[in-house]
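Trainee: Each chain, letter by letter, is given below.
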Amino acid sequence: MRAESLLRDKLLPISTVVLFLIAVWYVAAVFLNAPFERDTAARAGTEIAISDLVRNTMAQERPVLPAPHQVIAEIWDTTANKAITSKRSLVYHAWITLSATLLGFGIGAALGILLAVGIVHNRAMDRSLMPWVIASQTIPILAIAPMIIVVLNAVGIAGLLPKALISTYLSFFPVVVGMVKGLRSPETIQLDLMHTYNASQAQTFWKLRWPSSMPYLFTSLKVAVAISLVGAIVGELPTGAVAGLGARLLAGSYYGQTVQIWAALFMAAALAAVLVMIVGLAHSAVLRRMGARP
Amino acid sequence: MNFPALAGAILFWLLAWALNEWLVRQRFQSRTAASAARFTVPILFGITILVLWEGIVRGFGIPSVLLPAPSMIWQRLVNSLPTLAADFRQTFLKSVLTGYALGCGLGFLVAILIDRSPFLQKGLLPLGNFVSALPVIGVAPIMVMWFGFDWQSKVAVVVIMTFFPMLVNTVSGLAAASHMERDLMRTYAASWWQTLVKLRLPAAWPFIFNALKINSTLALIGAIVAEFFGTPIVGMGFRISTEVGRMNVDMVWAEIAVAALAGSAFYGVVALVERAVTFWHPSIRSGRA
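So the sequence lines, in the order shown, correspond to chains R and V.
For what it's worth, this note's numbering labels the leading residue of the first sequence as 1, then goes sequentially.
For what it's worth, this note's numbering labels the leading residue of the second sequence as 1001, then goes sequentially.
The following block holds chain R by itself, in its conformation from the complex:
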């Protein structure tokens, strides 16, 4: 068997596919934006040459599909050229969303771990709670998001927390499922060993169950952090929020600012990638501390 090579097995195929997608995107941009250019030309009573047509489709104010470089220019414009505190800065909006995401993720992860500990140690909780934990996820919580926010606003809880609660609801589920699996992952033989040491339940938990659940925990945390970002973004949609990536999406769709929508989308994607990467790094750091060899 050949050794894995970074260039041949990772970079080359991925960059090929990405380049192909970008090419498709440019072609699609030309085709989707062309009707508008033809209309303008027809209204002006002129024929438009193909070369002009292609060039114009790349530089429309409100294109049906903006060309990649337009989106990148918009991202550059709204991140680097604006003060961070400005309402026009994408960094500002991303920070609003990020803070809700992190708060919700934190609460969700803590809640998930607590529930999992309860489920593993108490049979009644296991039997009664577990089916509902699963059923809770078949409810499209994102659909309830507007109402939760309106209700919480009415009670006087405004700002970060309502959005964070939606993230919490979404992110606790993968953590519960993963942690229950992880805390139960020690084998009988290991549990028996703890038993022969006369270990108390707390000792068994901290010295055996908790360490052996770490890989499961971090795998679910990766899912949880990604999904809690989705929760925060959707939480900003329906209330007519003034700030945040979700608000940028909504404002963009109201005013037909497609470039703005795509820029917000890319920002959200970058945010998700960074968050998942940070959790991944923490994962490998913890595993290394625990003595695992890669």
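Since the hints were made in silico from the structure, they are not lab data.
Some clues are possibly wrong.
[Claimed, not checked] Which bits of chain V does chain R cover? Going by a derived footprint, with three or more residues having C-beta under 8 Å, they are:
hint, segment
1, 1037-1044
2, 1063-1073
3, 1142-1151
4, 1219-1230
[Said to hold, decoys possible] Cross-link-like lysine-lysine pairs, in silico, DSSO-like; alpha carbons within 30 Å at most:
hint, chain 1, residue 1, chain 2, residue 2
5, V, K1213, V, K1198
6, V, K1094, V, K1198
7, V, K1213, R, K181
8, V, K1122, R, K10
9, V, K1094, V, K1213
10, R, K207, R, K10
11, V, K1122, R, K222
12, R, K222, V, K1213
13, R, K181, R, K207
[To be verified] Counterexamples of contact, computed for chain V against chain R with all Cβ distances above 10 Å:
hint, residue
14, L1081
15, A1085
16, V1273
17, V1277
Even for Gly, the Cβ is constructed at its ideal location relative to N, Cα and C.
For chain R, the structure is supplied; the task is to place chain V on it using the hints.
Mentor: Here is chain V on its own, set in the frame of chain R:
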């Protein structure tokens, strides 16, 4: 404050809790009694939550604008069945089911197509994993712009949301058959096609059903959220966002109840089909799904 309602609810809660604790400690002789107990415990828990909810709402006199009692929601649900049915038809039957079938079908087909090219797999898999972590739901406003307000734009959102989980899971499922088994097929002089149908697809079913289950929830969410960005005057997402604006919170909850029911039923049907198709899998054989 209405003390009897509150006290009654709390009493019911304690009783149900005690009953559940007692039930899980029992060792039943007959199989039917044991499985009945297994079903009773979660159902009792669900009923308890409803009773507590009702008791707290009545006990503290919480205004119905904030949190309506379950009984009120139920009344509303029964009274506005035609509206709910129309919304259900628009969102679930038109958008969700079409999008789900198209998205899962496309993901499956693409996975089969790139199966013979390791190069494409290496390029597409990391991307697919990456996209699965992205807030794909954000494309909703763009799709609404491209495909108009009606259900076609929701179908597009659902297709995009369900495509990548299906692709990633099918590709890893097709790789699940071991070398031994593949070598055996080779010694039988089986063609690629025969190996696919007789060995690798059956081995991939658990993975594919995993994706189908994930997608069943994703599809409903995608369709409802896409309706926040513009829709004709019917649909679950539309109803939720407008009734919130009019402070008809009981109607919103009724809609949510329908959505939850539809979502659970959808998931349940997929899970049932999975049991029938992958009856050989250890997780099903031991009786635990």
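Trainee: Evaluate each hint against the coordinates.
Mentor: Outcome of the hint check:
1. Counting residues of the segment 1037-1044 of chain V whose CB falls under 8 Å from any CB of chain R gives 4; the rule of at least 3 is met.
2. Under a criterion of three residues with beta carbons nearer than 8 Å to beta carbons of chain R, the stated coverage of the segment 1063-1073 of chain V is upheld, 3 such residues being counted.
3. Coverage of the segment 1142-1151 of chain V by chain R holds [criterion: at least 3 residues with CB-CB distance below 8 Å; count 4].
4. Only when three residues or more bring their CB closer than 8 Å to a CB of chain R does the claim for the segment 1219-1230 of chain V stand; here the count is 7, and the claim holds.
5. A threshold of 30 Å between alpha carbons decides the hint, and for K1213(V) with K1198(V) the separation of about 24 Å falls inside it, so the pair holds.
6. Taking the CA atoms of K1094(V) and K1198(V), the gap is near 34 Å; set against the 30 Å cutoff, the hint is violated.
7. Straight-line distance between C-alpha atoms of K1213(V) and K181(R) comes to about 19 Å, which keeps the hinted pair within the 30 Å bound.
8. Distance check on the hinted pair: K1122(V) and K10(R) sit about 7 Å apart at the alpha-carbon level, within 30 Å; holds.
9. For the suggested pair K1094(V) and K1213(V), the alpha carbons sit about 19 Å apart, so the restraint of at most 30 Å is met.
10. Using a Cα cut-off of 30 Å, the hinted pair K207(R) and K10(R) is violated, with the two alpha carbons roughly 38 Å apart.
11. Only pairs whose Cα atoms come within 30 Å are accepted, and K1122(V) paired with K222(R) is accepted, the gap being roughly 21 Å.
12. The hinted pair formed by K222(R) and K1213(V) meets the criterion: a straight-line CA distance of about 19 Å does not exceed 30 Å.
13. Among the hinted pairs, K181(R) with K207(R) is consistent with the structure: their alpha-carbon atoms are about 17 Å apart, no more than 30 Å.
14. Every C-beta of chain R lies more than 10 Å from that of L1081(V), the closest at about 19 Å, which supports listing it as non-interface.
15. No beta-carbon of chain R is positioned within 10 Å of the beta-carbon of A1085(V); the least distance is around 17 Å.
16. Under the 10 Å C-beta cut-off, the non-interface status given to V1273(V) relative to chain R holds; the minimum distance is some 16 Å.
17. Against the 10 Å criterion, V1277(V) stays outside the reach of chain R, whose nearest CB is about 20 Å from its own CB.
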